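There are 2 protein chains.
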Amino acid sequence: MRLEIVPLTTIPEVRAGDDLATLIQAAAARENQIIDAETVVAVAQKIVSKAEGALVDLRGISPSPVAQSWAAEWGKDPRLIELVLTQSRRIVKMDRGVLIAETATGLVCANAGVDQSNVDGAGITTVLPQDPDASARRLHAALGCGTVLVTDSFGRPWREGLVDVAIGVSGIEPLSDLRGTADRHGRKLTATVVAVADQLAAAAGLAMVKDAGCPVVLIRGYNWKRAGGSARSLVRDPQNDLFR
Amino acid sequence: MRLEIVPLTTIPEVRAGDDLATLIQAAAARENQIIDAETVVAVAQKIVSKAEGALVDLRGISPSPVAQSWAAEWGKDPRLIELVLTQSRRIVKMDRGVLIAETATGLVCANAGVDQSNVDGAGITTVLPQDPDASARRLHAALGCGTVLVTDSFGRPWREGLVDVAIGVSGIEPLSDLRGTADRHGRKLTATVVAVADQLAAAAGLAMVKDAGCPVVLIRGYNWKRAGGSARSLVRDPQNDLFR
Chain D
1 MRLEIVPLTT
11 IPEVRAGDDL
21 ATLIQAAAAR
31 ENQIIDAETV
41 VAVAQKIVSK
51 AEGALVDLRG
61 ISPSPVAQSW
71 AAEWGKDPRL
81 IELVLTQSRR
91 IVKMDRGVLI
101 AETATGLVCA
111 NAGVDQSNVD
121 GAGITTVLPQ
131 DPDASARRLH
141 AALGCGTVLV
151 TDSFGRPWRE
161 GLVDVAIGVS
171 GIEPLSDLRG
181 TADRHGRKLT
191 ATVVAVADQL
201 AAAAGLAMVK
211 DAGCPVVLIR
221 GYNWKRAGGS
231 ARSLVRDPQN
241 DLFR
Chain X
1 MRLEIVPLTT
11 IPEVRAGDDL
21 ATLIQAAAAR
31 ENQIIDAETV
41 VAVAQKIVSK
51 AEGALVDLRG
61 ISPSPVAQSW
71 AAEWGKDPRL
81 IELVLTQSRR
91 IVKMDRGVLI
101 AETATGLVCA
111 NAGVDQSNVD
121 GAGITTVLPQ
131 DPDASARRLH
141 AALGCGTVLV
151 TDSFGRPWRE
161 GLVDVAIGVS
171 GIEPLSDLRG
181 TADRHGRKLT
191 ATVVAVADQL
201 AAAAGLAMVK
211 DAGCPVVLIR
221 GYNWKRAGGS
231 ARSLVRDPQN
241 DLFR
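Heads up: the protein sequence lines correspond to chains D and X, in order. First residue of the first sequence: 1, per the numbering used here; consecutive thereafter. First residue of the second sequence: 1, per the numbering used here; consecutive thereafter.
These are calculated hints, taken from the structure and not from any lab test. Computed from a prediction, not measured in an experiment: that's the story for all the values here. Where hints are given, some of them may not hold.
[Said to hold, decoys possible] If you anchor each label on the Cβ, the simulated ranges turn out as follows:
id, chain 1, residue 1, chain 2, residue 2, range
1, X, Asp19, D, Thr10, 42 to 50 angstroms
2, D, Lys76, X, Trp74, 38 to 46 angstroms
3, X, Trp74, D, Asp120, 47 to 55 angstroms
4, X, Ile124, D, Asp77, 22 to 30 angstroms
5, D, Thr10, X, Glu38, 19 to 27 angstroms
6, D, Pro12, X, Asp19, 49 to 57 angstroms
7, X, Ala227, D, Glu73, 55 to 63 angstroms
8, D, Ile34, X, Gly123, 48 to 56 angstroms
9, X, Glu31, D, Lys225, 23 to 31 angstroms
Ideal placement from N, C-alpha and C gives every residue a C-beta, glycine not left out.
Start from the sequences, fold in the hints, and give me the full structure.
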């Protein structure tokens, strides 16, 4: 086994309405990279949102009283806070300037995925794709690759720093469930469910350098369990979550 | 940029007192793999603990009343629970059969890192290395590689499945702090600190298949910030942690 992780470095600035699959295929061709049924294609949420027009102009937003008071208390843009609130179906934590929200698709993340970085134009902000699994499925079909992951950088309780995770998938069972299989010594593994889609996203993240604009990364040599798949299975059921 | 992730597949069963660096070098030589100053070497905690003799025989443990009642309630081995308690400096959550603890070095994880999988011998359990950074430093010096990461599989709030993280490092600044640098559009990145050591650990985890015994993985082609480094900087200060 030998995994290869290769970023595409010539993806142009993506704009609303662009056909992402065509941009990815053109970049791969320019860079002599083959995308085939054994290739994992990881795509940064940011360009998926841009292509799908998941963009909001803050200048059109009227902040509610709670957004205004929170923004004033923590030195934030009240329109941005209002946008975060409208992108949330539940607030998990709102404390010390940090806003952790549950999004419409159940993801738990800072600012409900609202993000101003790497966007062209003052006041323009991306929000998460409406249905990241569907975004992944469309790209998967158009690219003819093995699997597509839509990835985003999330913070975590207990640990510092962002890591990339899969927020949308197609063509992969995102959890590898080894429960019931035996370890090297014949002892049954009792609690080993590995978030392979998140590990693939993190591996791709190593090559998606934030300030260099490499929003698409190819991974080859990985043998994954093929399935329709949904990134929703990576989200813990709130009923079983001790930290929500 | 092209990252390569290669597991060593011929590491023998590790026993207390083994010289891990020698075992790794011998496996690399057998497998025609070069370990040099550009190589990241990720080593699973399990074999570090075994080599260092961080092993406990449950048969020598007398469970306390709290371990006994918790074990009875959730169908666990009371000696195992007692061991988890002795490995903890603080219990973060003890609920519904889940025991999340803060270890002596500040890590927050299930069962304080106590783990029975992949250990040879009934009743023998591994605990975390006493000082995982020191373990990484010793291996780093002996291997002459670029950096060493001691990795372990951790669960996470909000998301299902385990991902590998770095619990000990040497030769790397584990957080890549991009705050103050500009994105492609010249906008300052305000909240972008990436946990590169954890992303490397997760990437290595893809090749450390739990039931196949590949506890050492080489990563090549990654350009990281060289530093002494400590995995403690990956652990959020409890004062700033909204979920502890």
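> Looking back at the hints listed earlier, which ones does the structure fail to meet?
Replying inline: 4, 7
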